[in-house]
Amino acid sequence: VNYSVGDQLFVHSHDLMASIPGRDDPLDERLACTDYLDRREASRQRGATPSGALRAQSAIAAAVVLASVVKSPKELEVEQSLAAANKTIDRLLAFVHTRAASIGAARLEAIVSVLCDTARREFPGLLSLVVVVADEGDRETEACHRITIRAFVPDSITTQESTRAVKAVHRALAEMSEYDELRAITLIVQPERIKAS
Amino acid sequence: VNAHEFLQVGKVVMIGLPTTLPEACHRSACGRAYYAAFGVAHAVLVAANFSMFNNGQDHGLVVSYLKRSKFGDVVVAAGLLDQLRETRNSSDYDTGQQPVRGRSFDLTYANDAVDWGENIIQDILSAQRRDARVGIP
Chain D
1 VNYSVGDQLF VHSHDLMASI PGRDDPLDER LACTDYLDRR EASRQRGATP
51 SGALRAQSAI AAAVVLASVV KSPKELEVEQ SLAAANKTID RLLAFVHTRA
101 ASIGAARLEA IVSVLCDTAR REFPGLLSLV VVVADEGDRE TEACHRITIR
151 AFVPDSITTQ ESTRAVKAVH RALAEMSEYD ELRAITLIVQ PERIKAS
Chain R
1 VNAHEFLQVG KVVMIGLPTT LPEACHRSAC GRAYYAAFGV AHAVLVAANF
51 SMFNNGQDHG LVVSYLKRSK FGDVVVAAGL LDQLRETRNS SDYDTGQQPV
101 RGRSFDLTYA NDAVDWGENI IQDILSAQRR DARVGIP
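Keeping their order, the protein sequence lines are chains D and R. First residue of the first sequence? That's 1 in the working numbering, and the numbers climb one at a time after it. First residue of the second sequence? That's 1 in the working numbering, and the numbers climb one at a time after it.
Don't take every hint at face value.
[Stated by the list, open to error] DEER-style ranges, computed between Cβ atoms:
1) R:E5 to D:V133: 34 to 40 Å
2) D:V133 to R:N2: 20 to 26 Å
3) R:Y93 to D:L27: 33 to 39 Å
4) R:A43 to D:M176: 16 to 22 Å
5) R:A48 to D:D155: 39 to 45 Å
6) D:G125 to R:V46: 20 to 26 Å
7) D:P124 to R:Q8: 41 to 47 Å
8) D:A84 to R:L125: 44 to 50 Å
9) D:L27 to R:N49: 19 to 25 Å
10) D:M17 to R:N2: 38 to 44 Å
11) R:S51 to D:E178: 21 to 27 Å
[Unchecked claim] If the Cβ cut is set under 10 Å, some of the chain R residues that face chain D in the computed set are:
12) Y35
13) V63
14) Q128
15) R130
16) D131
[Unchecked claim] Just so you have them, the derived chain R footprint on chain D, three or more residues with Cβ under 8 Å:
17) 102 to 114
18) 118 to 128
19) 132 to 142
20) 164 to 175
21) 187 to 195
In short, the hints are calculated from the structure, not lab data. From the three backbone atoms N, C-alpha and C, an ideal C-beta is built for every residue, glycine too.
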């Protein structure tokens, strides 16, 4: 069974039951997650869910709505329901893909400037640089910015020279950035060899 | 299997069938280089008792752990591993008779990828000899 947790993220039931690093969720709470999603899916298929919730952005959002409309004459029962829902929501949150906080435009520009200076200095015989800064679309990383530096170099450059220069640019990023900034950036330094005419 | 061995396989593949299947060999070498580097990094972190998902999410998690290191070489290795993952993804997915994405994979490109993998492995194993947690608090 594949569940949708978060926008466009599909989680297989086996993964949802798996242990999460840093957490020690009891088995009944893991089961509560799959049970909750099963009931939500069944409810959706019966058409019992309000139309607005049919396209809910995430199971989390749906769970919050569900919890907020619970009516029970017994206050204790309500509290228990909410507590159970919160546990479920808390566990589901661990599966939602998170991104690092974005970096301000001025700071990002300063970082790119240093990286370009480093590339100019480190690539032997550099002919030109093409730099692209874009939002990171890769879901396998927590980064939110992608900096791609294509370094056009003569094809006489050796593999070792090229790797040394690529590492120097990565080192420049490491030296000027705090951990949160490193998390936020995917850096691609791509040597492009140009044959001599 | 020691993931480090994948790097040797990558080198063999890179030159193995160059006249008949050149680009497929070069692309495969990039994949082996990535999995060698990723596997060694993953094993080092597991040996130091870092928690893992043990599924596809570990690719991002390994990079995230390594970026926390106080050793500059390990942080650089993390960035290079992330970059090599991108190369590997392109080598395996940006294919087809008329590729619409990515680039051709020639011997030089494959050589670069294998060298990146070798550098990542050397830097992480070197850090492990200094500190089993490779400098991660």
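Now for the hints, and whether the structure bears them out:
no.	hint	in the structure
1	R:E5 to D:V133: 34 to 40 Å	holds, 38 Å
2	D:V133 to R:N2: 20 to 26 Å	violated, 38 Å
3	R:Y93 to D:L27: 33 to 39 Å	holds, 37 Å
4	R:A43 to D:M176: 16 to 22 Å	violated, 30 Å
5	R:A48 to D:D155: 39 to 45 Å	holds, 41 Å
6	D:G125 to R:V46: 20 to 26 Å	violated, 42 Å
7	D:P124 to R:Q8: 41 to 47 Å	violated, 29 Å
8	D:A84 to R:L125: 44 to 50 Å	holds, 47 Å
9	D:L27 to R:N49: 19 to 25 Å	holds, 23 Å
10	D:M17 to R:N2: 38 to 44 Å	violated, 31 Å
11	R:S51 to D:E178: 21 to 27 Å	holds, 23 Å
12	Y35	violated, 14 Å
13	V63	holds, 7 Å
14	Q128	violated, 18 Å
15	R130	violated, 17 Å
16	D131	violated, 17 Å
17	102 to 114	violated (count 0)
18	118 to 128	violated (count 0)
19	132 to 142	holds (count 4)
20	164 to 175	holds (count 7)
21	187 to 195	holds (count 5)
Violation of the numbered hints given earlier is confined to hints 2, 4, 6, 7, 10, 12, 14, 15, 16, 17, 18; the remaining hints are satisfied by the structure.
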